[in-house]
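Student: Residue strings, one per chain:
2 protein chains.
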Amino acid sequence: MLGDPRMSAPVARHRLALDERRAQLLELGARLFSERAYDDVSIDDIAEAAGISKGLLYHYFGSKRAFYVATVRQAAQQLQLRTEPDASLPQPSRARAGLDGYLSFVEEHAAPYASLMRSGIGNDPEVAAIVDETRDAIVKRMMDELGLSEPRPVVRFALRSWIGLVEAASLDWLDRREVAREAVLQMLLESLYSTLVIASRLDPDAPISVGAPPQAVSDASAVIETGETERKARPRRR
Amino acid sequence: MLGDPRMSAPVARHRLALDERRAQLLELGARLFSERAYDDVSIDDIAEAAGISKGLLYHYFGSKRAFYVATVRQAAQQLQLRTEPDASLPQPSRARAGLDGYLSFVEEHAAPYASLMRSGIGNDPEVAAIVDETRDAIVKRMMDELGLSEPRPVVRFALRSWIGLVEAASLDWLDRREVAREAVLQMLLESLYSTLVIASRLDPDAPISVGAPPQAVSDASAVIETGETERKARPRRR
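Protein sequences appear in the order of chains A and C. The first sequence runs 1 to 238 under the working numbering. The second sequence runs 1001 to 1238 under the working numbering.
Keep in mind the hints are simulated off the structure, nothing from the lab. A few of these clues could be false.
What the hints assert, rightly or not - Residues on chain A that point at chain C, a partial pick, calculated with CB under 7 Å:
# : residue
1 : S161
2 : A168
3 : A169
4 : V179
5 : L189
6 : E190
7 : L202
Said to hold, decoys possible - Restraint-style ranges between C-beta atoms, simulated for each label pair:
#  : chain 1 : residue 1 : chain 2 : residue 2 : range
8  : A       : E182      : C       : R1021     : 53 to 63 Å
9  : C       : R1082     : A       : H59       : 51 to 61 Å
10 : A       : V210      : C       : P1204     : 21 to 31 Å
11 : C       : A1087     : A       : A23       : 54 to 64 Å
12 : C       : L1028     : A       : E84       : 41 to 51 Å
13 : C       : L1018     : A       : A37       : 31 to 41 Å
14 : A       : A110      : C       : P1125     : 12 to 22 Å
Yeah, the Cβ is synthetic: ideal placement off N, Cα and C, and Gly gets one too.
Using the sequences provided together with the hints, build the complete structure.
Tutor: Here you go:
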């Protein structure tokens, strides 16, 4: 609002460079906080890993806690971006693409995702609020996708519950890797479909068009991660 | 193993009294830890509330942390007891009774349940392990119920994911109270049914007999907690 970027190219370029630097620092922070406990990562560690001074880090983020919260907020934004509905796709391919984006995000950020969802990193009300707001935003988007602009408590409740299923499935998948990615995706998609069927039965006035069930996995070998006989018992992370 | 209780009645009676005292202290502790943050509850507070000396409390539990962990362990045992399958009931009444027990437990322990599931009380690996073991025990029992003694990774994965849905549904229900208890129960039951259908499609060799779908809610008024127009916006707990 204060300045048109086309009118002040050097300022905009400078801001972009700053934003980029900030994003890089947050990416680095997310990695450090996922590798070690929050209390074991010092501002000195972060500054050293980033190759900048402690003072500059404080200048960017104010405090270690604020830096940590900012890493979580950036990850939440990335997740929302990665799962954004692709309007060029028809349903249920659009839902599949969104779930595929979710699983890719989860795979790429396995350690911080697991830490955060198990509240392993920190136990901060601000962080919990970001996680909750992200869930709400995803549910809100799904309601919009369904064309539900009026509040439909039962549908919202069912979708919010399904997000819990997606998170538990993701954690179990990261932890054990017993089920193939394609089967995980298929399970989540079919389970979304059933959730919508259940919600539309419980709230028959909700204008949900459930459509045809998602196509089943055609290849049975895509279900189990490795042959069951040669499956290695992985120690579970606690 | 060391003594037959029938042979040493006074010792057994003494032990029972001790066990009862211990259980009462744990119940009290669960309440204190759910009302205030872990760090804000001192051993003095607990001893005072229990009307016993600090020394006796240490004698029973060793440390505040150990006492806290013991409260969580006792709650987990209670949950498992309350959701134990009632062999005298046919399916799906048995599943409904188990879910009913779960929801009653959740209602009665609303604050500690929410704190624990949001990791609001403490962020302890031992506590996280108890929560995880409880989930695993419930899934194991469900697998037994289905007659699956051999490992069926996909079925286990699907049931474990469904537990995540149950937890998210419970938290949302406690938080907002927008959906009637009967509708929550029905949604969980139908969603369990769909989960088993999905699992049996993904693992067609699993000897799951899915049976008839659970009966739908007959009374539509049992779905929304209060009339939508007069529904009060509740502030969400963070």
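Student: Does each hint fit the structure? Answer for all of them.
Tutor: Evaluation of the provided hints:
1. S161: Constraint on S161/A satisfied, holds at 4 Å.
2. A168: holds (2 Å)
3. A169: Cβ of A169/A sits 4 Å from chain C, so the hint holds.
4. V179: Hint holds; V179/A Cβ to chain C Cβ min 5 Å, cut 7 Å.
5. L189: violated (9 Å)
6. E190: holds (5 Å)
7. L202: holds (5 Å)
8. E182/A with R1021/C: 53 to 63 Å: Cβ of E182/A to Cβ of R1021/C: about 54 Å, so the range 53 to 63 Å holds.
9. R1082/C with H59/A: 51 to 61 Å: Holds: the Cβ-Cβ distance is about 54 Å, inside 51 to 61 Å.
10. V210/A with P1204/C: 21 to 31 Å: holds (24 Å)
11. A1087/C with A23/A: 54 to 64 Å: holds (57 Å)
12. L1028/C with E84/A: 41 to 51 Å: Given about 49 Å between the Cβ atoms, the range holds.
13. L1018/C with A37/A: 31 to 41 Å: For A37/A against L1018/C, whose Cβ atoms are near 37 Å apart, the range 31 to 41 Å holds.
14. A110/A with P1125/C: 12 to 22 Å: holds (18 Å)
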